[in-house]
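These protein sequence lines are chains A and V, in that order.
Residues 1 to 229 in this note's numbering are what the first sequence lists, from first letter to last.
Residues 1 to 100 in this note's numbering are what the second sequence lists, from first letter to last.
Treat the hints loosely; a few may be bogus.
Here are the in silico distance ranges between beta carbons for each label pair [said to hold, decoys possible]: (1) A:Gly22 to V:Leu62: 41 to 47 Å; (2) V:Gly25 to A:Ala123: 19 to 25 Å; (3) A:Arg227 to V:Trp3: 19 to 25 Å; (4) A:Arg109 to V:Gln28: 19 to 25 Å.
Derived SDA-like pairs: lysine to any residue, alpha-carbon spacing no greater than 20 Å straight-line [said to hold, decoys possible]: (5) V:Lys58 to A:Val147; (6) V:Lys58 to A:Pro210; (7) V:Lys58 to A:Ala204; (8) V:Lys58 to A:Ala79; (9) V:Lys58 to A:Thr78; (10) V:Lys58 to A:Thr205; (11) V:Lys58 to A:Arg134; (12) V:Lys58 to A:Pro207.
Stretch-level coverage of chain A by chain V, calculated; a stretch enters the list once three of its residues show a Cβ under 8 Å from a Cβ in chain V [what the hints assert, rightly or not]: (13) 77-84; (14) 100-114; (15) 121-129; (16) 148-154; (17) 173-185; (18) 199-213.
Calculated from the structure, these hints are not laboratory results.
Bear in mind that the values here come from a model prediction, so they are computed numbers and not experimental data.
Every residue gets a Cβ at the ideal spot worked out from N, C-alpha and C, and that includes glycine.
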Amino acid sequence: MRPRLRSLRTQISAPEMRPILGASLTIGVAAGVFAIAFGVGAVAAGGTVLQACVMSLLVFTGASQFSAVSIVDSGGSTASALGSAMLLAARNGVYGLTMARHLDGSLGRRLVAAQLTIDETTAMATAQDAPDARRAAFWITGCAIFVCWNLGTLIGALAGEAIDPETYGLDAAFPAGFVAMLAPHLRSRTGRAVAIVGALICLATVPFAPIGVPILCAATAVLIGLRPP
Amino acid sequence: MTWTLVLLLAAAAYSFKVLGLIVIGRRQLPSTLERCLALIPAALIAALIVNDTFADGKDLVLDARAAGVAVAAVAAWRRAPLIVVIVLGAAVTATVRQLG
Chain A
1 MRPRLRSLRT QISAPEMRPI LGASLTIGVA AGVFAIAFGV GAVAAGGTVL QACVMSLLVF
61 TGASQFSAVS IVDSGGSTAS ALGSAMLLAA RNGVYGLTMA RHLDGSLGRR LVAAQLTIDE
121 TTAMATAQDA PDARRAAFWI TGCAIFVCWN LGTLIGALAG EAIDPETYGL DAAFPAGFVA
181 MLAPHLRSRT GRAVAIVGAL ICLATVPFAP IGVPILCAAT AVLIGLRPP
Chain V
1 MTWTLVLLLA AAAYSFKVLG LIVIGRRQLP STLERCLALI PAALIAALIV NDTFADGKDL
61 VLDARAAGVA VAAVAAWRRA PLIVVIVLGA AVTATVRQLG
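Looking at chain V on its own, in the form it has when it is part of the complex:
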């Protein structure tokens, strides 16, 4: 991790917040643009999940993480609190890794 990453991300993140809340403020954006922006988290978070679960560098693998994330997904689907989802995911992964 580099300071360049930390500081550039800090500047970018704050700029987006100010852009929306103060610069654009109450003006209307084109509805198509607003719809696409609102969909960004769905696309990126889904990609991050499969990347963190199945990727090992540039290889796709099936290991203990998949079991942990599967249990976490069931917990999230059953509307378990965030803490429970994370702890279950980590605990199942650690257990399967110990057994394997």
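Extracted from the complex, chain A is given alone in its bound form:
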């Protein structure tokens, strides 16, 4: 472990790592603020502080956690909350395919890396050119987000017990956050088409399907991807 640690420390103190460190910290802080919104929302949806914190520690993937809590909050069943959260979590498997080309080491190390394989770490790692920089960006961003995400959840959940979310417009914090999360997916023509069809399917099924199920129905919009680009 020691030489490995020392080499990581030398890597981190190298001048070319400074932009990575700066960006990781910024992403970490943003995740922390987002996590505060999650903590407040989880408690507003009837969760306990402990449930919110355990969810952030073990699930550790923002969009899935937000979607599970928002469906529970609007009165959906556990099954529908779980279903759509799992579909959203499936994309981390796709990130894993990308990261498998860049990460190596023992099985234990890769099992830890797996928990950190999410939108932000994959994006930061794949934005680097050198293999060393990719690995360093993955681990630094992953650790920064893990710490901030869990601290933010605790703060939000504790605060959520003390305030009324609707007074502060916090019920709109979720869709507003989703809007920001959707933006990168709208860059491609297919992404835009899938988003519009998904939204329309959801609107069309809300009056008829059980609460939360319209989100699952919307997943059928990905079949647009069957057509070659």
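Put chain V on the given structure of chain A with help from the hints.
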């Protein structure tokens, strides 16, 4: 919120991560499957936005949330940071709700 939800989701989320990074790893998936999987967030997140903005149980409604989310959408389109998008969305919703 139930512990069943928290723990099953934790198990499922970690399984997907391990499946991609370690089990499948460097092997190639059929490109059609990979393309459809990559489109899941676009479909689901768009659906979550309209659901959280316009649904009240099984009714479709137009209330303060729509104003907040519209402002958030403009902010996101102008590439404002995530924090700004969320705070704007919440603040506008709270303000419109106070006025209404």
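Against the structure, the hints come out as follows:
A:Gly22 and V:Leu62 have their C-beta atoms about 42 Å apart, which keeps the hinted 41 to 47 Å range intact. Judged by the Cβ atoms, the range 19 to 25 Å given for V:Gly25 and A:Ala123 holds: they are separated by roughly 20 Å. The hinted window of 19 to 25 Å between A:Arg227 and V:Trp3 is violated, with their beta carbons roughly 42 Å apart. For A:Arg109 and V:Gln28, the hinted distance range of 19 to 25 Å is satisfied, since their beta carbons lie about 24 Å from each other.
For the suggested pair V:Lys58 and A:Val147, the alpha carbons sit about 38 Å apart, so the restraint of at most 20 Å is broken. For a cut-off of 20 Å, the pair hint linking V:Lys58 to A:Pro210 stands: about 8 Å separates their Cα positions. Proximity of V:Lys58 to A:Ala204 is assessed by CA-CA distance (about 11 Å); at most 20 Å being required, the pair is judged to hold. At roughly 17 Å between alpha-carbon atoms, V:Lys58 and A:Ala79 fall within 20 Å of each other, so this suggested pair holds.
A hinted pair counts as satisfied when its Cα atoms are at most 20 Å apart, and V:Lys58 with A:Thr78 qualifies at roughly 17 Å. A C-alpha spacing of about 9 Å is found between V:Lys58 and A:Thr205, which places the hinted pair at or below 20 Å, so the restraint holds. A hinted pair counts as satisfied when its Cα atoms are at most 20 Å apart, and V:Lys58 with A:Arg134 does not qualify at roughly 46 Å. Taken as a hint, the V:Lys58 and A:Pro207 pair is honoured in the structure, with Cα atoms around 5 Å apart against an allowance of 20 Å.
Coverage of the stretch 77-84 of chain A by chain V holds [criterion: at least 3 residues with CB-CB distance below 8 Å; count 4]. For the stretch 100-114 of chain A, the stated coverage by chain V holds: 8 residues have a C-beta nearer than 8 Å to a C-beta of that chain, and at least 3 were required. Closer than 8 Å: that is the beta-carbon criterion, and the stretch 121-129 of chain A has 0 residues meeting it against chain V, so the requirement of 3 is violated. Figure legend: the stretch 148-154 of chain A, annotated as covered by chain V; annotation inconsistent (0 residues with Cβ-Cβ distances under 8 Å, at least 3 required).
Only residues whose C-beta sits within less than 8 Å of a C-beta in chain V count toward coverage, and the stretch 173-185 of chain A has 12 of them, enough to reach three; the restraint holds. For the stretch 199-213 of chain A, the stated coverage by chain V holds: 8 residues have a C-beta nearer than 8 Å to a C-beta of that chain, and at least 3 were required.
When held up to the earlier numbered hints, the structure conflicts with 3, 5, 11, 15, 16 and fits the remainder.
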